[in-house]
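> The listed protein sequences correspond, in order, to chains C and V. Each residue of the first sequence is one higher than the one before, starting from 3 at the first, in my numbering. Each residue of the second sequence is one higher than the one before, starting from 33 at the first, in my numbering.
The reader is advised that the hints may include incorrect statements.
[To be verified] Partial list, computed: chain V residues near chain C (C-beta under 10 Å):
| hint | residue |
| --- | --- |
| 1 | 47 |
| 2 | 92 |
| 3 | 99 |
| 4 | 168 |
| 5 | 219 |
| 6 | 222 |
Calculated directly from the structure, the hints in this document are not laboratory data. Computed from a predicted structure; not experimentally measured. Just so you know, even glycine gets a beta-carbon here, dropped at the ideal spot from N, CA and C.
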Amino acid sequence: MHMADALLSPAVGTTMWAATGGLIAYSAKKVRQELDERKIPLMGVLGAFIFASQMINFSIPATGSSGHLGGGMILAILLGPYAGFLVMASVLIVQALFFADGGLLALGCNIFNLAFFPCFVAYPLIYRKIVGNKPSQGKILAGSLIAAIIGLQLGAFGVVLETVFSGISELPFGAFVLLMQPIHLAIGIVEGLVTAAVVTFVWKARPEILEAAGRSLPIGEVEIKKVLLGLAAAALIAGAALSWFASSNPDGLEWAMFKTSGKEELQTDESLHASLAVIQEKTSFLPDYGFKKAKPVTEAKHADEETAPWPAVDPGTSVSGLIGGGLTLLMAALTGLGLKRRQGTA
Amino acid sequence: MPNFFMNNTGRDVFDIGYMDTLASGDSFLHRLDPRAKLITTLVFIATVASFNKYALSAMTPFFFYPVALISFGGLPYRYFLKKVLAVSPFAVLVGIFNPLIDTAIMIRIGPIGISGGWVSFASILLRFILTVSAALVLISLTGFNATCAGLMKFGIPRPLVNQLLFFYRYIFVLVDEAERMARASSLRAIRAKIIGLRTFIPLIGSLLLRTLDRAERIYSAMRCRGFDGHIRIIRSMKAGYGEIVFTGGWIALFVLFRFSNFPLSLGTLITGYFK
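Just chain C, with the same shape it has in the complex (with noise of 0.2 Å):
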């Protein structure tokens, strides 16, 4: 369930980076707070770990189906909320870089939804207060069972925010999130069974590590109400930030708003607005776009006699995209054939 590239408006992909950089700043900074240098190499194999790990499926009983671990509970459990995010993060940078999962502006999305979640909601509001300081059995296999299940609920819904959001995919909300949750619900209860069995073969085999995890990492309320009101913090920022960026641009948030409240800009300052329309103007090769339903084409001349908002079909218009769009591409691709040629001859 990696957010995509393809997906994402840029003011919903900024606005998540500024809140991923927000917490993996405060990150940072606890776990060299921490100070325990032992951590340094044990994150960094542990990362490898997860990663090592996702390369063999096991088969889900009764389905004929097969996952693979997601890992952010296993993390959070093992080094905490804090260090648990940054492996987890880092785990997403590579597989952004490396495999093209999700791309780099998701990247924020990403990290949002597969680590914030699991490492700051689910462990510190769930695990912990099921596990407690003295663990057993049952207690693991409660929390790390109902940590899972509520961690990948909202991740699931946080992909589906971020891409209503974007409104790239034409995808309704209600639609997009029935399809989501269920599916997520099983992921969830498969990831958390596997969870807590691995926590539990570790307790078994050395009850000190779960100890030690449990004992060096004092989590009170205070500051996990700390995170999420600078998170609230940097998105209102970011928001605002970027909002005139969004209303220049008829995509994203802007479109997301035309859907809801029917409106295609909440009211904002005229002036500022009038210059932005000439930005808009230039900016959008296919200009607002609030019309889909309104021209069948026989009605393309009489659109185009009212500034003619794109797609009001004009055939002319759109055969000239295709075949000028087309012959870039060959140009493009020819370019690179020919510098392959005479770098071979070189």
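Got chain C; can you put chain V on it based on the hints?
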């Protein structure tokens, strides 16, 4: 020897090594400061993402960027083509709903009408190819360690950079170890195509225990060598004319491509000629 218990991620790991080999090449692009390539890539991706959802032809000039970098960097085209085509189906899965939902006809070519949904779906695929190839090219021209050093210069917190470097160094070790365990397990269960949970849990659990022990050994080894909690990276970075020209030039081109639609003008010219 085939190892049936490994999934695609397992095979993908070989790509990491391969891409780092590519990054050890020597070209003008390889030698550029990693920061210049990082900034250019991020601007490229943000610009591509900023197109509205029906943009198609206007996006095509952006193909010149990955093509130019692959060519001048001496990277293998076929490899990137394969990687981009093989990667993450999520965008395609979500995008495929567009043609079902948005059925208003948008483009007409003679008697054939193409709906807005197909246009926006094609636009998603185009975005996908562009953003994915840009990220892959970045890492193949720069290498992971240099990229991390660049990140640190940009003010990414030390603990995360340390983590990335450490993690990267040990991926190969642990992947080897996991692969050996999975192979051993698959050889003992000839007919099984996949590991059952009953085997998977102790397998992963022991891998985890071994990992924790390994961390302890690494820490002791580091202490013996005088580790004091700080990891020092020697890498001199300089931003000269080359970097400024590279970054500035590409960003100027991106802005130009973004604000004027050359393919449309070109197409209009050609269709006008035939009228």
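> Now tell me if each hint is right for this structure.
How the hints compare with the structure:
Contact between residue 47 (chain V) and chain C, as hinted, is supported at the beta carbon level, the nearest pair being about 6 Å apart and thus within 10 Å. This hint holds: residue 92 (chain V) has a C-beta 4 Å from the nearest C-beta of chain C, less than the 10 Å allowed. Checking residue 99 (chain V) against chain C: minimum C-beta separation of about 4 Å stays under 10 Å; hint holds. Because the smallest distance between the Cβ of residue 168 (chain V) and any Cβ of chain C comes to about 6 Å, under 10 Å, the interface hint for this residue holds.
Using the Cβ-Cβ criterion of 10 Å, the hint placing residue 219 (chain V) at the interface with chain C is not satisfied: the shortest such distance is roughly 14 Å. Using the Cβ-Cβ criterion of 10 Å, the hint placing residue 222 (chain V) at the interface with chain C is not satisfied: the shortest such distance is roughly 16 Å.
Checked against the numbered hints above, the structure breaks hints 5, 6 and satisfies the rest.
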